[in-house]
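Novice: Going down the list, the protein sequences come from chains A and B.
So for the first sequence, my numbering puts the first residue at 1033; every next one is plus one.
So for the second sequence, my numbering puts the first residue at 4; every next one is plus one.
Worth flagging that the hints you see were computed from the coordinates, not collected in a lab.
There's no promise every hint is true.
As the list claims (entries may be wrong) - Straight line, CA to CA, 20 Å or less: simulated EDC-like cross-link-like pairs of lysine to aspartate or glutamate:
1) Lys1356/A with Glu243/B
2) Lys1323/A with Glu240/B
3) Lys1059/A with Glu1200/A
Computed from a predicted model, the values in this text were never measured in an experiment.
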Amino acid sequence: MKDVLVIGEIAQRRLRKATLSAITFAKELAGKIGSSFSIALFGKDVKDVAKEATRFGAKAVYVVESEVLEHYIASVYAKAVADLANQVGAGFVCAASSTFSRDLLPRVAARLQAGMVSEVMRIVGDAPPLRYKRPMYAGNVIATVEVKTEKAVFTVRASEFAQAQEVEGASQIVEMKPSVEMPQNVRYVGFAETISERPDLTEASVVVSGGRGLRDKEGFWGLLSPLADLLGAAIGATRAVVDAGIAPNDLQIGQTGKVVAPNLYIAIGLSGAIQHLAGMKNSKVIVAINKDPDAPIFSVADYGLVADAFKAVPELIEEIKKVKSL
Amino acid sequence: MKILVTAKRVVDPDAKVTVKTDGSGIQTTGLEFKLNPFCENAIEAGIQLVEKHGGEVVVVSIGTEDAIMNMRTALAMGAERGILVKGSDETLDSDLTARILAKVFELEKPDLFILGKQAVDGDSNQVAQLVAEYLGLPQACFASKIEVMGSKVLVTREVDGGLETLELSMPAIISADLRLNTPRLPTLPNILKAKKKEIKQIDIAELGVDPTLKVETLFYEAPEQRKGGVKVKTVQELVEKLKNEAKVI
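Just chain A, same shape as in the assembly (with noise of 0.2 Å):
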């Protein structure tokens, strides 16, 4: 029971990017315990998502298919992920963080009798009894925890970890037959999408990120979009331009939130909340942008500019213009 399972995430009919850095804390975990890894899709139809995650080394794919397993509802995806972990001896489950994960691993692991670690962010150790680094109170403190139980499942910090590099060799892929039925105590109802033009949040390469300092839908909307566009960016927004109900919920970067760490940050008119700091500190260049030399946000920043915001992007916009032509 030393396998370990990835359960891979599916959007657009294809693997979620966050996916590859759960496979990359698989393969390490693995090397670390002297197992292998596979990865599981679970849904109606996921065949050709499969083929997507062959290429990445690991001893099988899984798939689980069921008319059952159309929309998903956390009862019924937890009883076909544990029961294939003990199918195949997987004793380690494990997925990148997300609402979908966050959601059902935990009914995953209280099936399996197994401890879980949420958010990890660092395996320690070489060799067992292996620990476990993972933010607490917004990222402030940093806990090693260790798992008791001889099984564990985790949800992984997928900033934390490098995407997996595609390999030499394709996986077999293996069809398995769940033993689910629909749930007579609960039903799936509906799902409104949020529809956007720009990449994913949390797999974009930059990301602009807005806050109070521009006070309404208008002026978040009107001075983002145009540098998002032109940068091929993704929209980000803190938890008050969310509760203020500028942007969707989806949107917010933070600790409670999305945790984003893309090459470039650009943070404009907010002043980096402690909440705000953890769901972005990672990227690998920060600027930030505030009219406020004492925010936060430039504790953080590696190009700081104090301006209004108002003026200062435009200005933005038509020097990048500039510089792309040349």
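Following the hints, put chain B in place on chain A, whose structure we already have.
Specialist: Then chain B, alone, in the frame of chain A:
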């Protein structure tokens, strides 16, 4: 209807916490303690549902006797009575917390159990889901809207990519996200009334729960600090540095 809600006492989420020099814990001297913000959303949601449909809100906390003060806030907001299971964070993990709460659920038999989606100290985001699995009940986590219709409850969930809606049969487990509501501030008359409301204290041992932990925290440390860089004077200088120094555009 009967609604059970959580009230965890946590370090003020706006305070800057530091780690004890020996790594054994968090430096709490001089810090204020408050209700976990997500629990406040859960409490408010319970009270609003009872205001609309009748019934009572029961608030549960696991903590030392210090937590009574914070439970009184929940009672002043409108909860009817409280249950304090005596324990401290050092002797708990998410799994044991969930097994204790599942036991309290079995004793109280509520229609709904609404928890904060995570506590802002541990940040694990596991307890509601674990409770649901241990009780074999349906869950709707990260709720931004809750509507009760007869024996069913319609819950909108904040998930990656949008908003999902589930219909659960009660009893059910819900975890509250920040957009669910704006928690009310207790009025002075209600604060006075809350002092007379009952808070029952129970020892973990009385509940017959195995106190063995599945995850142990060994030590705590401060995160690596990111160093601030330079201030630029103009937009031109910024773009020049991004292109030639950082090479990101």
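Novice: Please go over all the hints and tell whether each is borne out by the structure.
Specialist: Hint check:
1. Lys1356/A with Glu243/B: 11 Å, holds
2. Lys1323/A with Glu240/B: Cα-Cα ~17 Å, so holds.
3. Lys1059/A with Glu1200/A: 15 Å, holds
This entry satisfies every hint, going by the numbered hints stated previously.
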